[in-house]
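Work the whole structure out from these sequences, hints included.
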Amino acid sequence: MFPSLDLSLGNIYFAGLALTALCCALGVLVSRHPLNAAVLLIGAMLSLSGIYALLDAPFLAVLQVMVYAGAVMMLVIFVIMVLNRAREDALPRFDAWSVATAAAPLALCGLLAATMIRHPLQASAAAVRGEPEPIAERMFSMTGGGWWLLFVAVGVTLLVAVVGAVLLAKRKLDTPAEEPAQEAHHGH
Amino acid sequence: MITDVINWICANPYLVASLLLVPAVPLIFFNILPLLVVMERRGAAFIQDRPGPNRAGIWIPGLNVRIRAFGMIYNACDFVKLAVKERFNPAFAAASGYYVAGPFIPLAAALILPAFIPVFAPIAYSTADGVGWLHGTTIATHSGLLALFAFSSLSIYGIVLGSWSANSKYSLLGGMRASAMMVSYEVSIGLAAAGMFLIVGSFDLAKIVAWQGDHTWGIFAQPLGFVLFTVAMFAECNRTPFDVVEGDSEIVAGFHTEYGAIRFMLVMAAEYYHVIIASALISTLYLGGYHLSPIPLPVGQDFAVVNLDDRWMREHLGAVLALMLGIGAIGAAVFAGLINGRRVHYLKSGATDAQERAREYILYTAAIGGAALLMAVGAVLLAGWSPAPKAVVAGVPVWGGLVDVLTAVAQFHILLGKIILVAWLFVWVRWTVPRFRYDQIMALGWKVLLNGALINLLITAIIVKLVR
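For the record, the sequence lines run as chains A and B. Heads up: take any position in the first sequence, counting from 1, add 28, and you land on this note's numbering. Heads up: take any position in the second sequence, counting from 1, add 615, and you land on this note's numbering.
Mixed in with the good hints, there may be bad ones.
[To be verified] Negatives, chain B to chain A, calculated, CB over 12 Å:
1) Ala-639
2) Leu-642
3) Glu-701
4) Leu-763
5) Ala-765
6) Leu-776
7) Gly-790
8) Val-798
9) Ile-910
10) Leu-923
11) Lys-963
12) Thr-967
13) Ile-1035
14) Trp-1043
15) Asn-1066
[To be verified] Which residues of chain B face chain A? A partial, calculated answer using Cβ under 10 Å:
16) Trp-748
17) Phe-766
18) Leu-769
19) Met-791
20) Ser-794
It should be emphasised that the hints constitute simulated quantities derived from the structure, not laboratory data. Virtual Cβ for every residue (Gly too), placed ideally from N, Cα, C.
Structure follows, in structure tokens:
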């Protein structure tokens, strides 16, 4: 009796997670405080990771939690906390720019929907399954078809970006005495 | 309907066991928490040469004894105090939703973590179509360790959101420090553990533990990795010497300055639960997990699918249980002797409550001595037992219910013993090593641990490449 529950249970979980993801995504759009939007975005990412896990791709699910919900959103929340500390007034919900930029994701949605209607998704467990070993083999294969050189190049690029950021930050740090002196001058 | 369910349960005992493990494992891990608190308080007292919490007690009228249970009554008192205190919402809290949710997030994130830790070796059982496996990991996945890191990294949200919403500068500074430290030390944790992944070739904690059973413990394969991982884990748990997150002289109690009553208790529970998880992770990655022996012992007949230490334990189950019970019996007997010594000493001191204390100590001695006796009898009875596999199905030995249950219990207790030893290491370091300054912590994290982990990874990669 219990094994027969499997399929329907999966569907119930999928419905719950998909609904949560959609509601959170909608909340990101309409929330007026950036911190609320960021927290709702974490909710959407966690639900997505649950959907990946339901699709038999635990590695992808874990990476979603680790990289997006864990690291990227942490940085976003950190920045919001530091920058938005002083302003308690909420932001406007929509302005002309946000309505204009909404066209791009809507167009993408339409494109995806059209593609999915024309070619229905055929999810085979073997193709969807993202295990660490096949991914690593695909990426770092030295014999052919591997992307290890690209990987190293991306790593070096990121390193250059980090060094550049440190250099830019250092330039400001190196001249701390001037700022207060100037301000004092202006004050007089 | 009910008979259907009962029939299904009787027909699939191993499936029922795997279902029962889902709530059981986190609950058992959670129940180490009060023990850890007692260990922390008594350990601190022991290291600082003072008696520690030893006043609160429960009066038992019939026996005319006041039981203090080695400071455990203090735990109960603290729990009652924190649980029934008024829940206080500071009017200055910026976003009360985040303020209320703050303490729950770390605990909720931590409660899922034991599900990824293998607590016993996979058990083979015969089914209608071959052989089935009951995994010791509640969520058996190939990315178990990554999942553990991922979910434990979510707990920082509770600290950050809670500290921000409390709208106090001490809280905010504490939260900033916590997240900065988490970010700097998570890199070292991942890189230090990467040496272990390279050797085993998998993120699966069950596979990592099985490799240690077949070859040797991680601490011998990765000594530098073990040290780096342990130090980084100390920092991740925000404990002394890395406790800049709270500091009496600078930022009061750090991120939980504005939390009181049961919310404060949740914060502290999450902190201690993280210590337990960290101990479990260190034991699993580097101390052989549930395995008994650091080197594989000779087994009668080798089955490639079963790891050697597990196989050896099953073949010598009686001797293993006798050894464990014997260690328990000796420990309990020594403890009972110490308590009896206290009783004699106290009676000689001529204190006014000497008779009352003596009665209490006699009760302890009797209980612990009785337990020691029972364990010794059990050890003697079990010593000669050496079971054989009931059948070999598709090249896998199937041992049958009793051996499976006893092996799983024995392996779980081995893991628990290692967890408690590592947790004691946490307590020991906390009360021995003085606190670091903030810049020292950052220098240690980025200049020593990170470079050490990278060098360790490089050396490991070269050796693994040469060996394979």
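Exercise. Which of the listed hints are broken here?
Worked result: Numbers 4, 5, 6, 7, 8 and 16 - these are the hints that the structure violates, sorted from lowest upward.
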